[in-house]
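S.K.: Here's the letter readout for the chains.
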Amino acid sequence: MDGSNEDGLHDVIVVGGGLNGPALALALAQSGLRTVVIDALPEAARAAEDFDGRAYALALASQRMLAVLGLWSRVADRAQPINEVKASDGRAGEGPAPLFLHFESGEIEEGPMGFMLEDRFLRGALIEAMAAEPGITRLSGETVVAQEIDAGEARVTLASGRAVRGRVLAGCDGRASGTAVRAGIRRTGWGYGQTALVCAIEHDLPHHGIAQQFFMPSGPLAMLPLPGNRTAIVWSERDETAKAIQSLDDTAYLEALRLRVGDYLGGIRLVGKRYTYPLSLTLANSYVAPRLALVGDAAHGVHPIAGQGLNLGLRDVGALAEVLVEAQRRGEDIGALDVLERYQRWRRFDSTLLALGMDTVNRVFSNDNPLLRGVRDLGLGAVSALPGLRRRFIREAAGLSGEVPRLLRGQAI
Amino acid sequence: MTRASTAPATAATGTATVDPAEVAKFEAMAAEWWDPHGKFKPLHEMNPCRLDYITRQIAAEFGRDLADPQAFAGLRLLDIGCGGGLLSEPMARLGAEVVGADAAAGNIPVARLHAEQSGLAIDYRNVTAESLAAAGERFDVVLNMEVVEHVADPLAYLTACHDLLKPGGLMICSTLNRNAKSFAMAIVGAEWVMRWLPKGTHEWAKFITPEELYDLIRRAGLDPVDRKGMVFNPLAWSWSLSDRDLSVNYVTASVRRD
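Residue numbers (this note's numbering), protein chains in the order written: chain W, 1 to 413; chain U, 1001 to 1258.
Here chain W stands alone, though its shape is the one from the complex (with noise of 0.2 Å):
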C-alpha cells in the first residue's frame, strides 16, 4: 500500500531521514496517519553497519517511547543500561578532581537513568520498522528544491521533478533546516568558539554501566558506557585546540584524551572514526506556520552538553504526534494554524527553557576563573547534599519531568 489517499495526497511529510523523521513518521503512521518520508540520503548510506563512533545517550522517556513504537525489541540487547552518573571538575594535566555529583538509578524508581545506544542500531532499526509500516512511503537519495503552501494542501518538489503533497509539512531537517529557510522562518543563535570531539574507545577495565561527566576549564567531557568494554566520549574543546587535537594521529590524539580522563579504564584504543561538530545554539523564531511544523535540531539545535539533543527531538516528536493524531480523531484539518500553535505551546517553553539552562551551565563550567570554579564546587555540593533537588536533575535529565507526551509515558497515541 502507498502512503497516500486515492489522490495521492498525504497526511503528513516529513522532510528528513535522519533519528527524529522516521520516528515521526513511525508515530503517525501506527495512529491511522498517512506519512511520506523524504530523504537526502540514499538508503545504502542509513543501512550502513558498520561500527562509525557514534552513539546516542537515550533519556529513560525517549526509551519507553521506542518501545512504544516497536524500535526498542530490535536494539534491547545492544543498549547499555546507564546506571550511574558522575560528574565532576577537572583540569587538563591533573586528571579528573575529587568527585562533586553522584547519581545513582536507585534514587529514581523507574529502573536505569538510560541507556547508550549505538547510532547504527537505532538507524538500523527505524528502516526495518518503516519497511514493515504500509502507512509509510520512503523517497531516499530525494532532495526538496521547492515547497508551496496553500489553504487546503502543501506540496513539495523534490530534485527529481516529483512532486508531493499533504496536509502537513513537517521539517526534520536539523539545525540548517531547508523547510524553515523556505517557509521565511528565521533563526536566532550564537556560536561557542567551542568544538565538540566525538569518538569512541575500547578499554581494558570494565566501565560498570557508569556515566562520567568532567567539567574541564575548556569544555564538558562525557565518557558514555557501550557494551562490553567500550565507551563513547563527547568532547568540548575551545575551536583551535580541537582542530589541534583533531589534526593529531591517533596515539597522539588518545595521549590527549589521557591526560584529562586519567587511568580508571586501563589501556584505551580508538574503535571507530574520530567527528568535530562545531557547537552552536540556534532557535527558530517560530516552530510552526500554517501547514508546517518544525522538529528536534530544525526548532532548537542546543548544546550537546547533557546529549539532551536526540530526546529534546522525541519529546517534539511525541507531541507532534499526539496533537495531530487527537485533532485527526476529533475531524479537525490538521495542518489548520491553531492546532499547529498546540504542538508549539506544548514544546517551545519546555525546549527554550533548556537550550539555554545548558547554555548557562556550559558558560559557568568552561571556566578557569577561581571565583567561579568556587561557585560551581559550593552549587555542584548544594546539589549533591539536596536529595530533593538531586531527585529533580536525575528526573528531569531522564526526560520525566514536565507535561510529558503520552508516547514518552510508554503508551499509546
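Hints may contain errors.
[Claimed, not checked] In silico EDC-like links for lysine to aspartate or glutamate, alpha-carbon gap of 16 Å or less:
{"#": "1", "chain 1": "U", "residue 1": "1041", "chain 2": "W", "residue 2": "52"}
{"#": "2", "chain 1": "U", "residue 1": "1041", "chain 2": "W", "residue 2": "43"}
{"#": "3", "chain 1": "U", "residue 1": "1166", "chain 2": "U", "residue 2": "1097"}
{"#": "4", "chain 1": "U", "residue 1": "1206", "chain 2": "U", "residue 2": "1146"}
{"#": "5", "chain 1": "U", "residue 1": "1206", "chain 2": "U", "residue 2": "1153"}
{"#": "6", "chain 1": "U", "residue 1": "1166", "chain 2": "U", "residue 2": "1258"}
{"#": "7", "chain 1": "U", "residue 1": "1181", "chain 2": "U", "residue 2": "1245"}
{"#": "8", "chain 1": "U", "residue 1": "1039", "chain 2": "W", "residue 2": "326"}
{"#": "9", "chain 1": "U", "residue 1": "1181", "chain 2": "U", "residue 2": "1215"}
It is worth saying that the hints were derived from the structure and are not from the lab.
Assemble the complex: chain W is given as a structure, and chain U must be docked to it using the hints.
M.R.: Showing chain U alone in chain W's frame:
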C-alpha cells in the same frame, strides 16, 4: 497564503452566476470565521473541547472507532446554527453526511465557500430547525450547540429537535448555566472586559440551569444520558471537559428512544 488567489476561481467555476464582488465579500468573511486569532477566536479555542465531547458521544452511541478516519460514515448529521462551519467541517471530514442550517442567511455562502476550499461536500441551508422538522427531514445526530439560550421558546425548539431525530438518534446540546458565576464570566468577563464577544451577544436571563435543561429535554420527548462542564483554564489557556464543574458552560447528550 494563496487562498485569495485560488479560491474565487474555484467558486466561479462552481456557480457561474455569482457576482465576483459578492464572492470577494464572502471570501473575506470566510477568512474571518476561520482565522484562529480573529473575531471568532474564543470559538476556535473552545472547539477542540466541544469536538472531543461530540465525537466521543457519537462514537459511543453508534459503536464507532475514532481511530477510523471515516468513523462517522453512514451517519446523517444536522448542525443547527452552523455559522462558518466550525463543527460541520470536522463532522464531514469524519465521514458524516452533514446538513448545516443557519437562520442568518449571510453565513450560508461563507460556509459553502470554505467547505469548497477544504474539499468537503456539506449541504448548507438557510433554514430553521422548525422548518426542517416540518419538512420531515430526519437525522441520526443533531448538534444543537450554543443555540437554545438564544431562542424565544426553548421547549418548542427542543421539540423540533426531537422531531428531527430518527428513533435511536442522538442530540448534543450545549448552553450556559444561569448563576452569579456565569453572569460574571460570560457577560462581564467575555463581553465587557475581554471583549471576546460583542456586547449584547447573550441575555443572561435566558441562560438555563442544567436541571431546567434536563426538564425541557424530557418534556420534548428525549432521554438525557450525559452532561459535562466545559471549563476554561486561563493558565493553560485552553478548555477542558469536567464531570463536576457545570457552573458556566456545559454540554449534554440525549437520545430519542421512540
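S.K.: For every hint, state whether the structure bears it out.
M.R.: These are the hints, each one checked on the structure:
{"no.": "1", "hint": "U:1041 with W:52", "verdict": "violated, 51 Å"}
{"no.": "2", "hint": "U:1041 with W:43", "verdict": "violated, 45 Å"}
{"no.": "3", "hint": "U:1166 with U:1097", "verdict": "holds, 15 Å"}
{"no.": "4", "hint": "U:1206 with U:1146", "verdict": "holds, 12 Å"}
{"no.": "5", "hint": "U:1206 with U:1153", "verdict": "holds, 10 Å"}
{"no.": "6", "hint": "U:1166 with U:1258", "verdict": "holds, 9 Å"}
{"no.": "7", "hint": "U:1181 with U:1245", "verdict": "holds, 11 Å"}
{"no.": "8", "hint": "U:1039 with W:326", "verdict": "violated, 25 Å"}
{"no.": "9", "hint": "U:1181 with U:1215", "verdict": "violated, 22 Å"}
Hints 1, 2, 8, 9, counting from the list given before, are not met by this structure.
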